[in-house]
Structures are given as C-alpha cells and as structure tokens.
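4 protein chains.
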Amino acid sequence: MSTYGPQIEVAIARVRAEITRLHAELFRNGLVVWTGGNVSGRVPGAELFVIKPSGVDYADLAPENMILCDLQGNVIPGTPGADRSPSSDTAAHAYVYRNMPDVGGVVHTHSTYATAWAARNEAIPCVITAMADEFGGPIPVGPFAIIGDDSIGRGIVETLAGHRSRAVLMANHGPFTIGKDARDAVKAAVMVEDVARTVQLARAGGDLVPISQDSIDSLFARYQNVYGQAPQGALK
Amino acid sequence: MSTYGPQIEVAIARVRAEITRLHAELFRNGLVVWTGGNVSGRVPGAELFVIKPSGVDYADLAPENMILCDLQGNVIPGTPGADRSPSSDTAAHAYVYRNMPDVGGVVHTHSTYATAWAARNEAIPCVITAMADEFGGPIPVGPFAIIGDDSIGRGIVETLAGHRSRAVLMANHGPFTIGKDARDAVKAAVMVEDVARTVQLARAGGDLVPISQDSIDSLFARYQNVYGQAPQGALK
Amino acid sequence: MSTYGPQIEVAIARVRAEITRLHAELFRNGLVVWTGGNVSGRVPGAELFVIKPSGVDYADLAPENMILCDLQGNVIPGTPGADRSPSSDTAAHAYVYRNMPDVGGVVHTHSTYATAWAARNEAIPCVITAMADEFGGPIPVGPFAIIGDDSIGRGIVETLAGHRSRAVLMANHGPFTIGKDARDAVKAAVMVEDVARTVQLARAGGDLVPISQDSIDSLFARYQNVYGQAPQGALK
Amino acid sequence: MSTYGPQIEVAIARVRAEITRLHAELFRNGLVVWTGGNVSGRVPGAELFVIKPSGVDYADLAPENMILCDLQGNVIPGTPGADRSPSSDTAAHAYVYRNMPDVGGVVHTHSTYATAWAARNEAIPCVITAMADEFGGPIPVGPFAIIGDDSIGRGIVETLAGHRSRAVLMANHGPFTIGKDARDAVKAAVMVEDVARTVQLARAGGDLVPISQDSIDSLFARYQNVYGQAPQGALK
Numbered sequence: 001m002s003t004y005g006p007q008i009e010v011a012i013a014r015v016r017a018e019i020t021r022l023h024a025e026l027f028r029n030g031l032v033v034w035t036g037g038n039v040s041g042r043v044p045g046a047e048l049f050v051i052k053p054s055g056v057d058y059a060d061l062a063p064e065n066m067i068l069c070d071l072q073g074n075v076i077p078g079t080p081g082a083d084r085s086p087s088s089d090t091a092a093h094a095y096v097y098r099n100m101p102d103v104g105g106v107v108h109t110h111s112t113y114a115t116a117w118a119a120r121n122e123a124i125p126c127v128i129t130a131m132a133d134e135f136g137g138p139i140p141v142g143p144f145a146i147i148g149d150d151s152i153g154r155g156i157v158e159t160l161a162g163h164r165s166r167a168v169l170m171a172n173h174g175p176f177t178i179g180k181d182a183r184d185a186v187k188a189a190v191m192v193e194d195v196a197r198t199v200q201l202a203r204a205g206g207d208l209v210p211i212s213q214d215s216i217d218s219l220f221a222r223y224q225n226v227y228g229q230a231p232q233g234a235l236k
Numbered sequence: 001m002s003t004y005g006p007q008i009e010v011a012i013a014r015v016r017a018e019i020t021r022l023h024a025e026l027f028r029n030g031l032v033v034w035t036g037g038n039v040s041g042r043v044p045g046a047e048l049f050v051i052k053p054s055g056v057d058y059a060d061l062a063p064e065n066m067i068l069c070d071l072q073g074n075v076i077p078g079t080p081g082a083d084r085s086p087s088s089d090t091a092a093h094a095y096v097y098r099n100m101p102d103v104g105g106v107v108h109t110h111s112t113y114a115t116a117w118a119a120r121n122e123a124i125p126c127v128i129t130a131m132a133d134e135f136g137g138p139i140p141v142g143p144f145a146i147i148g149d150d151s152i153g154r155g156i157v158e159t160l161a162g163h164r165s166r167a168v169l170m171a172n173h174g175p176f177t178i179g180k181d182a183r184d185a186v187k188a189a190v191m192v193e194d195v196a197r198t199v200q201l202a203r204a205g206g207d208l209v210p211i212s213q214d215s216i217d218s219l220f221a222r223y224q225n226v227y228g229q230a231p232q233g234a235l236k
Numbered sequence: 001m002s003t004y005g006p007q008i009e010v011a012i013a014r015v016r017a018e019i020t021r022l023h024a025e026l027f028r029n030g031l032v033v034w035t036g037g038n039v040s041g042r043v044p045g046a047e048l049f050v051i052k053p054s055g056v057d058y059a060d061l062a063p064e065n066m067i068l069c070d071l072q073g074n075v076i077p078g079t080p081g082a083d084r085s086p087s088s089d090t091a092a093h094a095y096v097y098r099n100m101p102d103v104g105g106v107v108h109t110h111s112t113y114a115t116a117w118a119a120r121n122e123a124i125p126c127v128i129t130a131m132a133d134e135f136g137g138p139i140p141v142g143p144f145a146i147i148g149d150d151s152i153g154r155g156i157v158e159t160l161a162g163h164r165s166r167a168v169l170m171a172n173h174g175p176f177t178i179g180k181d182a183r184d185a186v187k188a189a190v191m192v193e194d195v196a197r198t199v200q201l202a203r204a205g206g207d208l209v210p211i212s213q214d215s216i217d218s219l220f221a222r223y224q225n226v227y228g229q230a231p232q233g234a235l236k
Numbered sequence: 001m002s003t004y005g006p007q008i009e010v011a012i013a014r015v016r017a018e019i020t021r022l023h024a025e026l027f028r029n030g031l032v033v034w035t036g037g038n039v040s041g042r043v044p045g046a047e048l049f050v051i052k053p054s055g056v057d058y059a060d061l062a063p064e065n066m067i068l069c070d071l072q073g074n075v076i077p078g079t080p081g082a083d084r085s086p087s088s089d090t091a092a093h094a095y096v097y098r099n100m101p102d103v104g105g106v107v108h109t110h111s112t113y114a115t116a117w118a119a120r121n122e123a124i125p126c127v128i129t130a131m132a133d134e135f136g137g138p139i140p141v142g143p144f145a146i147i148g149d150d151s152i153g154r155g156i157v158e159t160l161a162g163h164r165s166r167a168v169l170m171a172n173h174g175p176f177t178i179g180k181d182a183r184d185a186v187k188a189a190v191m192v193e194d195v196a197r198t199v200q201l202a203r204a205g206g207d208l209v210p211i212s213q214d215s216i217d218s219l220f221a222r223y224q225n226v227y228g229q230a231p232q233g234a235l236k
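Chains A, B, C and D, in that order, are what the protein sequence lines are.
Per my numbering, the first sequence starts with residue 1, numbered consecutively.
Per my numbering, the second sequence starts with residue 1, numbered consecutively.
Per my numbering, the third sequence starts with residue 1, numbered consecutively.
Per my numbering, the fourth sequence starts with residue 1, numbered consecutively.
Everything labelled a hint here was simulated from the structure, so no lab data went into it.
Intra- or inter-copy, both count: the list cannot distinguish identical chains.
Subject to a maximum C-alpha distance of 20 Å in a straight line, what follows is the list of computed SDA-like cross-link-like pairs (lysine to any residue): (1) K180 - D57; (2) K180 - D102; (3) K180 - E25; (4) K180 - E47; (5) K180 - T159; (6) K180 - R98; (7) K180 - V56; (8) K180 - A221; (9) K180 - W34.
These numbers come from a predicted model, not from an experiment.
Use the sequences and the hints to build the structure in full.
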C-alpha cells in the first residue's frame, strides 16, 4: 500500500490519467509505431514521476498500468503497475527530473523526420516563423549515448540547460523534449517533428531563405508573453 | 448582451456553426497540428466576423467558444466566447475583411508543403491542370512580416488584390487563403497544400513540363463559369 | 419516370450502390481531396453508365444522387440525381465506354505521385514485381488535352487500346484508369498511385535495377491466369 | 471433418484469430493497399500453419476464412476456408517453416520505403539506434526470384539463416519478415518500413553519420536480453 497523503494521491491519479491520454496523442499525431515512444510527468508536490510500462501496446495503456517512480528511476513497490518494467528510457527521464527542477514532463519518440536529422547529427536551422515562436532558434543535436545508464539523461540536460529549445535531437537516436508539464512536452514533440519535416522538405526543393536573428528574437519573445496565458518554452 | 436584430443573430449563429465545422475539415485534411491554424468567416449583412479562440484543442472547439469580432479585430464584449483571446492572427483576418469587401472567409495554416515553398520564398509554378482550374496560374509569395500588427494583413491584401489566386505564401511563414465564404477559403487551403505537394514532388523527380498560358487561361475560365453553380476563385 | 424493364432497373440500382461505395474507397485510400476524383460504372446489358455528380462532398454521396447517363454522356431525364450536373469529366468517361466495349468502369483522380509523373510527362518504368503483376510493364503517358470535349477520352483510348496497362497518366493532369468493372478500375487507381510513389522514392535514393522483359512477361501472365478467379488487367 | 485432437484444435483456433487480428495491424500501420500483403502463423505442436486467402478485402477477413495448410503448403481439405485459394505467397511461407524450425510467423508486404530499397537492390545501413536494437545491423537484400515455386522461400532462408535481421528485402519485390511468432514477424514488418523510411529520408538530406560496430553490438545485445521478457530478434 502507498503511504502518501490524500493530496499527493490525488495528484498521482491525475498524472496517471494525463500520461495515459498523452500517449494516445503521440499515436494520433503519427509520432510512434508499435510500442515505441514514451511520455512521463512529474507529480506536483512530490519527488515522483509517472511513466509508461515497457513494450505494451498503445491500445492497452491505462492509468492503472502506468508506473510510479522516484527521481532515481526506481519503481515504487506496491503501487498500481509496479509488477511491470517501466520504459527502458526511465533512467534518462529520471536524470532530467533530478537536474532540471522546472521540467514537469519529458517525451521521447523516434518520429521520422526528427530522427532523420539526428542520423545526420545535424541541427535544424530556424527558417520558419512557427519554429521561432515555439523553439526560439535552431533545434540542437545532443551527443551519441548508449541506453542503460545516465549518459542519455546527461546529454539531454547538458544540451538543453539554458537553451531556448525544449527539444534535443540525440545523435543517431531521435528527439527528446521537455516541458513545464507533460502536455507541454508532448506539444514540443509534435512541433519538433512538424518543423523537422517542413524544413527538410523546404531544403530538398532549393535554397532556404534565413530569418534574421532580430526577427527570431522578437517572434520568440511575443510567443512566450502573448500567446496563451502561462509562459511556454523557456520554462522559467 | 448583444443588441443585433434577430436576422443578424441568426446569421451569427450560422457562421459560428460553420466555422466550427470547417476547423474540423482543416484537421481531417492534415493541414494543422496541435492547436495551429485558424478559419474565420464574415457575418453576412454586418460589420462582423467569427474566428477561433487562441490555443484551444481542436476537439474542444464548439460554436459557443468561437469569438465574434468587429472589422478592427476587437472582440465584441458580452457575446459567447468573449472571455477568451481570439486567434493571434485576428489582426490579419480583420485587415483582409476591411480591405477586400468581396472576401467572406480567411484561412491560415502551416501546412507542410506550402510552408516549404514559403521557406524558400518561392512561388509555385502552374504545371498541373487542377492548379490552373483552381488558382488560374502560379501561387504567389507575400512579404516577410512579423505577427502582431497590420503587416501580415497588408502583405496578404497587396499580394492577392487583383490576382487570380486565392492563396498567398507568406514568406518563411505559411499560406493564407481567401474565399467568397469560409468554406471556399478552406477549399483553397486544401488545394494549395495539394498542389504544393504535387509540384514539389514532380520537380524532385526531374524536369517539369510547362502548360501554355493559353491553356491555363482556358482552364481557369471554364472552371469559373462551368464547374458548380456560383463563381469561384476570382471572387467577383 | 424511367422506362427500362425490371432487370435493367435492378442492374442500375446495383451500379448506383457500387459506385457510391467505391467513391468512399478513393477517399479512404487517400487518392482524392475535397470533391475531386470520380468513378463511373457501366450498367450491364444497357447502353448506360452511372457517374458521380459534380462538386458534391464525399460525405454526401448516396446511390440516389449518382447520375445515370447514356453513352453520349447525356443525363437521362427523370431519373434520380438528374437535377444535378454530372462530373465535369463525364464526356471522357462516355468516350471510353463508346470505344472500349470491354471496359466496365472508369476512374479519374489527381493522386499525388501519379500526377507528379504526369507533370513531367514521364512514363513509370516497371522495376517492381507488383507493377509487372498488375500492369504488365510501364504506365504510359497520354497527350495533353483540355477538358470539355472528346480530347481527353480520345487520349485515353488511343493510349490504352491494346496496351497491357489499365492506367494512363494524362499529361500535366493525372491518372485515368479502366477495368472490367468499376471495382477493377478503382483497384488500378489505387495500384497506380502505389507504384508511382514507390518507384519515384526508389529512384530518389539511387539507381534503379531493371527487371528483364522475360520476367515481366512471366509475372504478368501468371497474375492474369492464377491470381483470383476471373481475368484481370488486359480485359479480354 | 478435421481429425486433430482437442489440444491442437484449440491451438488452430487461437492462431486463426491471431492471424486475422494481425492483418488488421498491417492495414492500420499503412503497410498494405487493397488486398496486398499476407501474414501466416505456425500452429504450435503441429506441422501446420494458418495463412490469409488470396485477393480478399481486408474488411472481409475473419478467423473462419483463414486457411490451414501443411508444411508443404497444401490446404487441409474439409477445414474452414479450404474452399478458397490461399495467398499466392503460400509456397514461400511453407518453405520458411520447413527450413527454419524456430520461426513461428512470416509476413510479406510491399510497404513503400522497404520496397524502394528493394528496387535498388540496396541493403539498409544501420545508422539509427532503433535499427541496431531491433535488427542488430543492416537489413540485407535477397535474390531476385519469380513467384510460384520454391525460389522465393529459398532466397529468404539463405539470406536470413544465421543473420541477426528478421527482415529481408527481396530484390525488386519487397520485404519478407520472420519472427518467433506471427506478432513478432508483424512487428518486424512495421519496424523495417519505419527504418527504411527514416534512413532514406536521413540520407536524402545529407551525409549519414555511422554508428560504430561496438555500439551496434551492445545495443542489440541489450535489447535481446533486457527489453521485454522473452528473447526477440535472433530467434534462438
């Protein structure tokens, strides 16, 4: 039995439901195939996060089989779903939560075009206004890192700490995105694939026309301050 | 409380329903991701138009959260939806309605291939008959313009006034389309992405074969006069 | 009131239902956008065919708004749907039925990749076995022809008469396909887009490896005689 | 009437249901058009396998029209579905089951990007971690083989025996995949298209960065031993 107080239990239940719903968004947006991809969300007010189990069909995901972990990535015994293994990327998610306290959600996919840029170890240049709005400049490349220890988490944090972008293209692997909450990180995952596709196709047809740094700065500033009601992107 | 007469109130209700339905068409046709894209429609017989709220999920759009604006882009207080912010492109839509009296609908998306041409600041050449039918020639590029004042609206109007095309590719940004009503503008948004994709893919595989100007003129004239029952395209 | 005997009336009703269902297949296979594309089917035992009305939403198509025509392309007055205009490609369909007595169905789309080859006036080379099976060799290009008289129909018939292929890429326009019945023509429309896409993408990545003429002949012969129970393709 | 004991009859029923469900997965993942593609599954404990009938619509597939065959590819008379012809690729499936006793499932599709590599007779290089995980290295090309005798089966077995990859690109034809059961082979079919698309698009945009053989080996070893609970891939 879990021993968190009623307020935290309510928060956990809410995050389990939200994470389940957001995995459906990954699928609906064409970012994942088979059982690939994962979303996690921090439990507000606790040193905990909720993540997807490993290798389970998207159709079978439900709040009660999502897995509750501490910030070391250990499954909390006796909680719903604790009999299964969490996503094989759990260590990377945990590392981000430990080292980026403002991050409330993390997403990883192998979405097609973002992974194509990653296979070239090439940052996506900022040549469309939607990208300036959302990411404030280019999408950076992170180091090549083997799964299974902290090296992916470290690569994400080193690349994104202090960066405007909420997305990093891990070399030869694929995109990881962060956000103020899980929904914001999923939005970044949707948008990074969208801009990866648009910019690759734009360049395939001829020379790209750059946007000036001043215009990029102005677009990013406006989007953080005007669009919607809470700050996005830079996570401050 | 709104103080329009019953006839105008009926027209407003009809446009709210139509605009809601047309946003679903944007989504179903794959032209938008997340909360991106927007459709507006002029209220016949009034100095008003209806537009989408900013940053709301497509699944949550409903007639009662669409937003009623005057032709300056001001939200009409006390009307349904008026407690939310309208689309961040509202100023551009309003500018078009003020300056192009025959326009009854405006659409903006970041659809992939149209935005790819926009990122190259390159007009789409007219090499397929469907494009001659629908647009009467190439799809033009509009100026680079920062969001937030009249500059996007001005760029749209300057490019499309007197032009056969109902679509403009705003530089490094994406397509805006106009129509005699909102449905006609959505049709133009669907067709501009369709031709942007087909022509880019055609050219990627080898040399394009041009269509003669005479044939383009003849196809456009037939389509305006024969296809369907009301004039399309040139908005006269 | 229609004056055909009960047997023909039953055949007409069956073709109306079939043509309605097959338009949904065009849409479901991603071959058409908006109200584009059209399928027609010959009424067995009569000098008649059934075709889609012009400019009607796919969701609104129903057996009773399909349009019955004679082989000159004239709408039969007094029959269901006769108050609307038939597809603007009706003259082309009628020409094919008049001049190719074994053809029972005709389909036209602007499907993306097939239209891309058409915009280059380039035949699709036969480099995959599925294409040898289905079309027995390359997909040919037909002449550039303006809509509205017999020139499209003539171009289809001149290109496909005696040809193994049931598909022709009309120059700068798009694919037309024929079949022993409407379903067979829709299958050809699905397959021509599939091979147009696969072969273009294959060539985009490097040099194609040809298939020998002997192998193509053997694959085509087998598919006509072994696969399924009735002859396909060559329409004999 | 079938004369297998109750235990085998239960196994047959289970495989019929599973194979039906997995054909829907092929369709849902966009790997097949029209009636193309086929999945088969070995019946555990018997010298039998279940395969799809030839040329039947995906919507009409059901457990009772799946076809039971012996390992020579002969339909078992008197069993449900035995009045129809099995998939025209049945001989190839049977050859694999006879010669690879650890294989429990076989899948064939003409999925777009995998077939594009096949049309170039080009192996897919291993440049993304998901591919190292799943296939342990490049996806190999098999020989050109005409349908109808053992030559396709022989080509599959000669290429995949002792290979880490569960997928082979048969030259100018398309992918065949194997697995410990039918679901595992379908997973391989989904993943081979996913990596075929990602790697082709990656290379289209510039130079690929290789992954070292050591990293590939380490990723493959981890995935076989850690991810999920049963061994995948190498089928041992």
